[in-house]
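Engineer: Read off the chains here:
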Amino acid sequence: MTDLIQQAESTILQPVGMTVDDIEQVMGGLLSSSIDQADVYFQSSRSESWVLEDGIVKEGNYNIEQGVGLRAVSGEKTGFAYSEELLLPTLLDAAKNVRAIARSGQSGIIKPQQRLIAPVRYQAVDPLESMTQEDKVSLLQSINRQTRLIDTRVEQVIVSLVGVHETILVASEDGSLNSDVRPLVRMNISVVVEEKGRREQGSSGGGGRHGYEFFTSDDQAMSYAREAVRLALVNLEAVEAPAGTMTVVLGSGWPGILLHEAIGHGLEGDFNRKGSSAFSNRIGETVASPLCTIVDDGTPENKRGSLTIDDEGVPSQCTTLIENGVLKGYMQDKMNARLMGQKSTGNGRRESYAHLPMPRMTNTYMLAGKDDPGDIVSSVKEGLYAVNFGGGQVDITSGKFVFSASEAYLIKNGKITTPVKGATLIGNGPDVLTKVSMVGNDLAFDSGVGTCGKEGQSVPVGVGQPSLKIDSMTVGGTANA
Amino acid sequence: MPKSVYADPAELDRLKNICSDVLLEAKKQGADEVEVGLNIGQGLSVNARLGDVETIEHHKDQGLGITVHIGHKKGSASSSDLKPSSIKSMVTAACSIAKHAEVDKFSGLPDTSLMATNFFDLSLHHPWDISAEQAIDIAIECEDAARTYHDDITNSEGAGIQTFEGLRVFANSHGFMHGYPSSRHSLSCSVIGERAEGMQRDYWYSSARHANDLESAKGVGEKAAERTLKRLGARAIGTRKCPILFSPDVSGGLIGHFISAIKGGSLYRKSSFLLDSLGKSIFPDFVRIHEQPHLKKAMGSAVCDAEGVATVTRDIVSNGILQGYLLSNYSAKKLGMATTANAGGVRNLTVESGDLDFKGMLQEMNTGLLVTEMMGMGVNTLTGDYSRGVAGFWVENGEIQYPVEEVTIAGNLLDMYQSITAIGNDIDLRGNTRCGSILINEMTLAGS
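Taken in order, these protein sequences are the chains called A and B. Under numbering that gives the first Met the number 0, the first sequence is numbered contiguously, ending at residue 480. Under numbering that gives the first Met the number 0, the second sequence is numbered contiguously, ending at residue 447.
Bound-form chain A, shown alone:
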């Protein structure tokens, strides 16, 4: 961690002629006796993207961002400002504006700096430098060529490659100084297939907190390509999805977006402090079948949603949200934890220095159960088997949520039969999990594609779950069920 701080100093502070002592001075400008909490958040990020389309690597983009966000919190009130200019006088000026949130008070006491050590969840590699420009281009070309060879019906192949290298340095009112260097890579492969005039698409991808070599090892990239083609070909056969309420079996992995939407957002500390969540004041109550234990866990190595420390400098942890069906806890950032008399769970995240931190998910998943996935399907007389999804959304106050199936099949007499077109599934967060009657022994994580949006801020997240049987859910197709 100390190494990480040195790395952050040399990446962010040295080039602009600042030192950690200057940060102390800025913190001094933020604090007054009525300020409960304050932070100075430096961020430097470089990212790139490459896109192949129509058989050629058409373009690439390189982005570099650097800035500092200053926050002071007094009670429930927050003052915030940020700047791309890393100059001490600019920051001291901004600090004065931010501190005005607390109407009066003398200067606060600056605590001596402490450097904390948190266990690292990924290596401080720079993905952009993990491969030469030539190799990035030829990787995309080779994926394109091989993808077209998978099936003659492939008409269009789009491959994108994105890499981010982010360094943060965060100082807090308690004197703590923390740093993190976060790599993140993501690849997506999207294909269009055509047969007898019918066109369908399929896409697949993944990534995590690695360098680009992640995609070239274990045939990773081509496994996305095969999956994208397979999905598109399945869609060629898809018939109208049924409309109405029925038994739904969800596959393992990415369908865990159910948990993210149905209960995850509703268990974020801010909504519960304000009483605006359908889960407010329900700790200790049964909100799911006893088969369900759900956690938010920022610690798995190299996962897209994992963090060594959150954006408030708190080491990430595994937080139990629901244990054997009973609501156990919320996900907290520092401010909401303080106001609710709890502790931060390491879920304080922000999109960038220009955004305020909020309680956000990391990797949210359900622990494995005992059922064989095959037994789950064969227990269903008629229903829907949904294995791939697009996005989802939730209204945390009413509890209603949706998620959109992109690969699903009818189940008839315990057998998976015809594929059906994409359909939205809708349910009520506080009771959907009470209808879970079987939980598979096949816990899997998604492949590293999730991005969560909340109040205009996007952050990378992960989800996971074993196969699940939900006795009743509304499926938004067009055919008679």
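Heads up, some of the hints might be wrong.
[What the hints assert, rightly or not] In the EDC-like style, the derived pairs of lysine to aspartate or glutamate whose C-alpha atoms are separated by at most 20 Å in a straight line are:
hint: 1; chain 1: A; residue 1: LYS76; chain 2: B; residue 2: GLU398
hint: 2; chain 1: B; residue 1: LYS59; chain 2: A; residue 2: GLU194
hint: 3; chain 1: B; residue 1: LYS333; chain 2: A; residue 2: GLU52
[To be verified] Stretch by stretch, here's where chain A covers chain B in the computed footprint (C-beta under 8 Å, at least three residues):
hint: 4; segment: 55-62
hint: 5; segment: 190-199
hint: 6; segment: 268-274
Since the hints were derived computationally from the structure, they do not count as laboratory data. Predicted model only: the values in this text are computed from it and were never measured. Glycine residues also receive a C-beta, built at the ideal position from the N, C-alpha and C atoms.
Got chain A sorted already, so can you dock chain B onto it with the hints?
Structural biologist: Here is chain B on its own, set in the frame of chain A:
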């Protein structure tokens, strides 16, 4: 009102000089063609909750984007760091990408002859000289109006004011350079109501280029409260086929799917359900959809598109027939056509309305579902398949009966567009799509 720095010719000159430097540097580093966009701006965003200030955010942003073409190979770079040394390394990064990218004969700048030359004033810049304290007072007044509207309003997510002004300059190696200041302001409120059946939340907002054009604080608060109250006691209804009325809050989204399908990118990638649709009847013959990029003070107005091409007022659909696609220079060339000045999107899309107001539209539907909120992204632009979660109201005999939630509506967009039976004159002017409520003859509703 004090003079805004963003309206100051000296500031415009400063940005133009940076753009000129970028163009020179890129040429020096070997670029054949160059485009550069530069934005600076600042804003204030406050939120009040339960009668007191909750957040005060001071925003100050700047960003520079560069695109270079070297022998029909393209690279781009962007940054918030405008130091000369940083700009130089951005140009180097963009050129390095272009050198490694592959030849794409369609890439390059639009012809010089297409560049906008008439830079008329669209009245887009009306800064709001408001302090954080004044903004908080307005937000509190707004939230108070909502919280005191009815006893069933029990909680609040607060009311907020956002104000922003900025200056944008776009230049390219044809010698084109244009800069203009703009502003936007909004006032929003979101409150929670509760009765024995549970909680509901809804919101309202007003947005405008000029603060005087915002709805009153009281009006926004009351509307937020009224909308929340109406949703209390919502329930699911049984699966059926029935008429669907899209309220003006959500009808723009329905037209937005049509716009996505006629964008050049969707067409040349063959990822649209409207391939080869020019001259074909997509909507019933009473439908006219047109683009009005030159409306004064409107949210989507601009004299040129994102490539500097002069924007034009035109019909996209008339008599229900598709008259034109939405093309940038690149997508146009890929399709063997000419740009329609839609790089960066469509501007002030207007759906002509019929004679019926909202009440009239309810009567026209008679019995069916009025949809006021959409959930999820279940729209496939390639096939037109449509399946989304919705909330709204059950309507019988032209009268709202009760609120509905936890249901979906599904169909295919092409069928849905063909089945439009009326478009109301209850137009929502807040966004880039100006559209009244839209009545669709029949869709599948899935529920309990």
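Engineer: Which earlier hints turn out false for this structure, listed by number in ascending order?
Structural biologist: Numbers 1, 2 - these are the hints that the structure violates, sorted from lowest upward.
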